[in-house]
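Q: Build the full structure now, drawing on both the sequences and the hints.
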Amino acid sequence: MKLRTRLLVTVVGIAVPVVVGLALFAFGARRRGLVESTYEATVQHMEAGGRERCEARSQRREERVERRGLRGRERRSRRARRARFSRDRHAYDERFAPTSPDAPPVPTALREAIEGGEVAAATWTEDPVHVTLAMRMPWDGPCAVLVIERDAGPMLGWRGLLQVVGLSALVAALTALAALFALGPVVRRLRLLTEAVRARAKEGYGDDVPVQGKDEVAELAAAFNDASAEIRERLRDLSARDEAMTRLLASTTHDIMVPLTVLQGHLSDAWSAARAGRPVGEASLGGALEEAHYLGNLMRNLSAAARMDAGEAMLTRHDFDLRDVVERVIARHRPIATERKITLERAVPEEPVIAHADSTLVEQALSNLVSNALRYNDPGGNVAVVLDVLPEGEGAFEVRVMDDGPGIPEEELERVAERRFRGGEARKRSPTGLGLGLHIVRDVAERHGWSLAFDSPEGGGLTVTLRN
Numbered sequence: 001m002k003l004r005t006r007l008l009v010t011v012v013g014i015a016v017p018v019v020v021g022l023a024l025f026a027f028g029a030r031r032r033g034l035v036e037s038t039y040e041a042t043v044q045h046m047e048a049g050g051r052e053r054c055e056a057r058s059q060r061r062e063e064r065v066e067r068r069g070l071r072g073r074e075r076r077s078r079r080a081r082r083a084r085f086s087r088d089r090h091a092y093d094e095r096f097a098p099t100s101p102d103a104p105p106v107p108t109a110l111r112e113a114i115e116g117g118e119v120a121a122a123t124w125t126e127d128p129v130h131v132t133l134a135m136r137m138p139w140d141g142p143c144a145v146l147v148i149e150r151d152a153g154p155m156l157g158w159r160g161l162l163q164v165v166g167l168s169a170l171v172a173a174l175t176a177l178a179a180l181f182a183l184g185p186v187v188r189r190l191r192l193l194t195e196a197v198r199a200r201a202k203e204g205y206g207d208d209v210p211v212q213g214k215d216e217v218a219e220l221a222a223a224f225n226d227a228s229a230e231i232r233e234r235l236r237d238l239s240a241r242d243e244a245m246t247r248l249l250a251s252t253t254h255d256i257m258v259p260l261t262v263l264q265g266h267l268s269d270a271w272s273a274a275r276a277g278r279p280v281g282e283a284s285l286g287g288a289l290e291e292a293h294y295l296g297n298l299m300r301n302l303s304a305a306a307r308m309d310a311g312e313a314m315l316t317r318h319d320f321d322l323r324d325v326v327e328r329v330i331a332r333h334r335p336i337a338t339e340r341k342i343t344l345e346r347a348v349p350e351e352p353v354i355a356h357a358d359s360t361l362v363e364q365a366l367s368n369l370v371s372n373a374l375r376y377n378d379p380g381g382n383v384a385v386v387l388d389v390l391p392e393g394e395g396a397f398e399v400r401v402m403d404d405g406p407g408i409p410e411e412e413l414e415r416v417a418e419r420r421f422r423g424g425e426a427r428k429r430s431p432t433g434l435g436l437g438l439h440i441v442r443d444v445a446e447r448h449g450w451s452l453a454f455d456s457p458e459g460g461g462l463t464v465t466l467r468n
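Per the numbering used here, the very first residue in the sequence shown carries number 1; after that it's consecutive.
By construction, these hints were calculated from the structure, which means they are not laboratory data. Fair warning: this is a prediction, and the values are worked out from it, not measured in the lab. Treat each hint with caution, since some may be false.
What the hints assert, rightly or not - Heads up, simulated DMTMM-like pairs for lysine to aspartate or glutamate below, C-alpha to C-alpha not over 20 Å straight-line:
1. Lys341 to Glu282
2. Lys341 to Glu290
3. Lys214 to Asp226
4. Lys214 to Glu233
5. Lys341 to Asp404
6. Lys202 to Glu233
A: Here's what the structure looks like:
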């Protein structure tokens with residue numbers, strides 16, 4: 001339902017019963033006011049001498065006193081007032097017995113109302129509007145109940161009520177039309193805002209809608225602009241993530257296919273030797289093991305990168321013993337170290353070293369360091385993982401991964417942890433790498449508030465230190 005239609009229906013739905021109710025209330029109030037004012041005036045009149053005259057007439061005593069002069073004129077004046085008053089009034093006692101033989105019986109409705117405890121009751125007739133009132137005086141006797149008939153005027157009839165209702169309905173209609181007219185500019189502004197919002201939606205929320213004025217419509221437009229800015233920001237993030245994912249998938253497909261092809265070649269050589277009854281070459285099995293290990297580490301790095309790209313909320317922190325992590329990393333890489341003829345050692349304290357961190361990401365970071373140390377070292381080299389407890393404070397520790405390989409040139413040390421950066425030695429020794437390993441190590445350290453340091457002396461070798 002449109003706004004104008006809703007407003008019209010609301011105004012009519014509220015105004016009609018209100019107008020009718022107020023008209024009926026005012027109509028009833030005017031009738032009650034007439035009854036109450038007549039009762040008060042009658043009581044005052046009776047207390048001012050009317051009661052005595054009424055009771056004297058009820059005893060049907062005729063007083064014939066000749067008076068002259070001023071007394072006669074006063075008597076005639078009182079008789080004239082009494083005559084004028086008694087033409088539309090009849091008196092009854094408390095049992096509704098009339099004091100005059102010409103008085104009609106009290107109407108049943110009025111009698112029942114007086115007997116029910118009311119001091120004044122009325123019945124109404126139309127054409128012309130006429131009212132008959134029965135009033136219980138505050139005393140008993142021949143004039144305890146008075147019945148008066150009088151004209152009430154046309155406005156106290158039903159025609160008067162209809163006139164009042166019609167006039168009120170006209171006022172309500174004019175009010176509704178005025179409200180609709182006043183609402184016109186607001187409706188036009190809302191329509192323009194609706195068209196602008198739809199246009200911006202088709203354009204991808206590139207621009208803001210115009211904000212005019214300082215009223216609620218302007219606040220609505222400003223709120224839409226705020227929402228549009230948030231949508232644009234989210235769309236940019238989604239676009240950037242989509243582009244990054246597309247590039248990652250493209251490069252990852254290539255990086256995975258190369259070691260898979262090499263792995264297939266090693267396995268094919270081993271299969272051919274086995275079918276021909278020849279001994280399977282150590283080079284084929286060792287190469288297949290190394291490529292399988294590389295593929296596993298690549299998948300774990302991609303998973304860790306995806307988790308960290310999702311934000312801090314994806315981290316699952318808990319307490320764990322770092323010694324167990326070191327042992328698992330050493331056990332996982334020992335077959336590779338053996339195949340490459342590299343010595344892999346570790347040194348851990350006797351007491352538990354408790355860390356509050358994401359154990360999966362910490363283990364992956366340590367695996368990356370050990371894997372790089374083995375991949376870029378020469379046969380006969382050495383790799384060591386050392387876990388130490390620091391005296392700086394409770395829970396302080398340090399993990400060092402050391403190797404005696406070729407090391408990293410000084411000019412590459414600052415960029416070695418950048419995403420997808422690979423130094424010259426890394427590209428020469430392992431052309432298929434993704435450049436994710438050390439970047440993940442740095443990201444894990446930053447998210448946990450740890451420090452990461454690289455030290456490569458001129459004579460060769462590399463020491464990577466993680467410290468909380």
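Q: Each of the hints needs a verdict: does it hold here or not?
A: Going through the hints against the structure:
1. Lys341 to Glu282: holds (13 Å)
2. Lys341 to Glu290: Judged against 20 Å, a Cα distance of about 12 Å means the pair holds.
3. Lys214 to Asp226: Given pair Lys214, Asp226 holds - Cα atoms ~16 Å apart, limit 20 Å.
4. Lys214 to Glu233: Status violated; Cα separation ~26 Å.
5. Lys341 to Asp404: holds (14 Å)
6. Lys202 to Glu233: holds (17 Å)
Going through the hint list in order, the structure does not satisfy hint 4, though it satisfies all others.
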